[in-house]
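Chemist: Put together the whole structure using the sequences plus the hints.
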Amino acid sequence: MSDECDKTGPPWGDLAVEQYFITNWDHSSAETPDQQRKRLVAEFLDLKLIPAECQSVHILFVNSSTPDLPRI
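Positions in the sequence shown are counted from 1; adding 63 to them yields my numbering.
A portion of the hints provided could be inaccurate.
Said to hold, decoys possible - Once the Cα atoms are required to be at most 30 Å apart in a straight line, the calculated BS3-like pairs of lysine-lysine come out as:
(1) LYS111 to LYS101
(2) LYS101 to LYS70
(3) LYS70 to LYS111
Said to hold, decoys possible - FRET-style restraints, in silico, Cβ to Cβ:
(4) SER91 to THR71: 31 to 39 Å
(5) ASP77 to GLN98: 18 to 26 Å
(6) SER91 to LYS70: 30 to 38 Å
(7) SER92 to THR71: 12 to 20 Å
(8) GLY72 to PRO96: 18 to 26 Å
(9) THR71 to ALA93: 28 to 36 Å
(10) GLN98 to LEU78: 19 to 27 Å
(11) LYS70 to ALA93: 20 to 28 Å
Please keep in mind that the hints were generated in silico from the structure rather than gathered at the bench.
None of these values were measured; they are calculated from a predicted model.
Quick reminder that beta carbons are idealized off the backbone N, C-alpha and C, glycines included.
Modeler: Structure representation (structure tokens):
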């Protein structure tokens with residue numbers, strides 16, 4: 064990955080969810096853009112296409128100050 068990509072992120076359409084949007088966006092939909100975005104994100108997540116290595120990323124963002132059972 065180049066330094067430029069590190070600063071700006073990947074180009075639009077590189078991420079799987081963006082590809083799903085491009086393929087499934089309905090320009091004639093009666094939904095508002097916000098409603099359509101929310102629906103498409105939910106549909107994408109239901110497909111369970113997120114790679115396993117990305118599913119564990121949430122571990123990096125756990126707030127260490129949140130008490131666990133031994134601390135309570």
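Chemist: Take the hints in turn and mark each one as holding or not.
Modeler: Here is what the structure says about each hint:
1. Taking the CA atoms of LYS111 and LYS101, the gap is about 16 Å. The hint holds against a cut of 30 Å.
2. For the hint pairing LYS101 with LYS70, the CA-to-CA distance comes to about 27 Å; that is within 30 Å, so the pair holds.
3. The suggested pairing of LYS70 with LYS111 holds, with an alpha-carbon distance near 28 Å, which does not exceed 30 Å.
4. Between SER91 and THR71 the C-beta distance comes to about 32 Å, which sits within the given range of 31 to 39 Å.
5. For ASP77 and GLN98, the hinted distance range of 18 to 26 Å is satisfied, since their beta carbons lie about 25 Å from each other.
6. Range check, SER91 to LYS70: Cβ separation about 37 Å, and the 30 to 38 Å hint holds.
7. Checked against the hint of 12 to 20 Å, the pair SER92 and THR71 fails, with Cβ atoms roughly 30 Å apart.
8. At about 21 Å, the beta-carbon gap between GLY72 and PRO96 stays in the expected band of 18 to 26 Å.
9. Between THR71 and ALA93 the beta carbon distance is about 35 Å. The supplied range of 28 to 36 Å therefore holds.
10. GLN98 and LEU78 have their C-beta atoms about 21 Å apart, which keeps the hinted 19 to 27 Å range intact.
11. Our hint of 20 to 28 Å for LYS70 and ALA93 is violated, since their Cβ atoms are close to 39 Å apart.
Violated hints for the displayed structure, listed by number in ascending order: 7 and 11.
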